[in-house]
Amino acid sequence: MLKTEKQINFHLILSIVVRFILGGIFIYAGIPKILDPASFAGVVFSYQLLPDMLINIVAIVLPWIEVIVGGFIIIGIWMPGTVLLYNLLLLSFISALVFNTARGLDISCGCFSTESDDVINISTILRDVGFLSMSMYLLFAVFRKKTVQNR
Amino acid sequence: MKALFQIFAILFIAVFLGLGYNQLRSDSLPMVCTWSDDPNGDQIYNNMSTISIDEAARLFKNNKAFFLDARSPDTYARGHIKGALNLPWENIEDQCFNVIDNIPPDKIIITYCDGVTCHLCNFLSDFLKELGYKHARALVNGWTVWNQHNLPVDCAGETAENSMKTNHKVANCSKPKSR
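In the order they appear, the protein sequences are chains A and B. For the first sequence, the positions run 524 to 674 when my numbering is used. For the second sequence, the positions run 162 to 340 when my numbering is used.
Rather than coming from a laboratory, the hints here were simulated on the basis of the structure. Check each hint, because a few of them may be wrong.
These stretches of chain B come out as covered by chain A in the derived footprint (C-beta under 8 Å, 3 or more residues) [to be verified]: (1) 163–175; (2) 265–276.
Here are some, though not all, of the chain B residues that point toward chain A, as calculated from beta-carbon distances under 10 Å [what the hints assert, rightly or not]: (3) V193; (4) S233; (5) T236; (6) P249.
Here the structure is a predicted model, which is why all the values come from computation and not from measurement. Here a beta-carbon is modelled for each residue, glycine too, at the ideal position from N, C-alpha and C.
Let's have the full structure, built from the sequences with the hints guiding it.
The following block contains the structure:
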């Protein structure tokens, strides 16, 4: 079934808006962690999911992945890989949040800053699920190659 | 296949930039730390003072300290250190002055939460220090170690009146920008 021009334009505009929102979220989340890797390492440790040898490396590299992926999504570089990685990252974050909420850990989320005022709970999970729904829409759009310009 | 290549390229760039930037920092993070040997996270929170369970118990018995529970109201209501007031970190801006108004600044305040990786008590004690409570100290893994030592607690049902007393007022209280 052929889509009307109006539908195509709607999806094109929607995907661009989603790209800016998702990209902005990751850049906003990554920069404070880049500026304070020691505190972010503490947050990573508090999740109790990684061995000691990986904690600092993750704390150093993960924020840069967030910022690069966020920037690439906004600009539109390497969209298939970028959007796929965005979805994989969100799925990892949600899994970690669900796992630690389920086992009752009273820890800071570390989602958007290294401060302690964002304790993990059901609302932080729902927030990330909301982001995931947007990124899955974008993934669908990119791999259908109909609504998103790759570059 | 193309997407996988792009993912690896992004990861490579991130590793390159992350490690490079870390090397350039004056306070660069070591690649590997023995975090498990330091369950209190003192590598980061080494400027925060803590108190031992023995000292906390002695102060409790001599009625020389105020205890503040940094956990959520629900968790607090299920049980807490006897006489402790609830000052959940997540609501600190709304509740701090309600709870601490009647505590003189020269008194010892012991904050606690639960779990060796719970730093809410550290954050709370540091926050109180910035407000002028210089004798605020954190009892790490407080609820668990308090119970392990069979020290007095208030259990569910005994706390409703106390909680209501501390929640009926609202006041402004800004968090400090740095820990």
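Structure-based check of all given hints:
no.	hint	in the structure
1	163–175	holds (count 11)
2	265–276	holds (count 3)
3	V193	holds (5 Å)
4	S233	holds (8 Å)
5	T236	holds (8 Å)
6	P249	holds (9 Å)
In summary, the structure agrees with every hint in the numbered list given earlier.
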